[in-house]
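Input sequences plus hints: build the corresponding full structure.
So the sequence shown is numbered by the numbering used here: it starts at 1 and just counts up by one.
What the hints contain is simulated information worked out from the structure, not anything from laboratory work.
No false leads were slipped in.
Distance windows between CB atoms, simulated: (1) 73 - 12: 34 to 44 Å; (2) 65 - 34: 17 to 27 Å; (3) 76 - 47: 43 to 53 Å; (4) 61 - 22: 10 to 20 Å.
Beta carbons are placed, not taken as given, at the ideal position from N, Cα and C, and that holds for glycine.
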Amino acid sequence: GPSGAEPGEADLLCAEFVALVKSRTRDGYEEALRLAERILQLEPGNQLVLEYKALLPQLIASVSERVQEAVHAAEDPNRTPSEVSTDESEAGELVAEEEGGALDEEEVVSEVATDDEAISPR
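Structure representation (structure tokens):
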């Protein structure tokens with residue numbers, strides 16, 4: 001097949017690679033980057049790995065920045081109002097994401113309800 005002599009190994013590495021990316025930790029991203037090299041030796045045309053490999057340096061950088069900000073915030077006993085306000089805006093973004101997720105679930109529920117009505121019209 002197109003996956004080469006050892007599809008099993010590449011498949012296992014891919015599964016591990018995806019798990020590392022999903023970990024959303026700097027260590028996970030860096031390990032994923034190393035794994036990407038190995039997978040691409042086995043499967044040079046692996047589209048998933050090629051796409052993630054291009055993104056991983058940015059992901060690693062964003063994680064590092066978040067960690068540094070958190071460390072600075074924890075170390076600084078008297079933070080300036082501007083720093084506090086950026087923290088609040090980040091929290092606001094997180095809440096907005098969660099609300100978005102809840103909306104998706106409600107949409108799914110309403111779709112199910114309309115399906116039921118369609119099945120048994122009363």
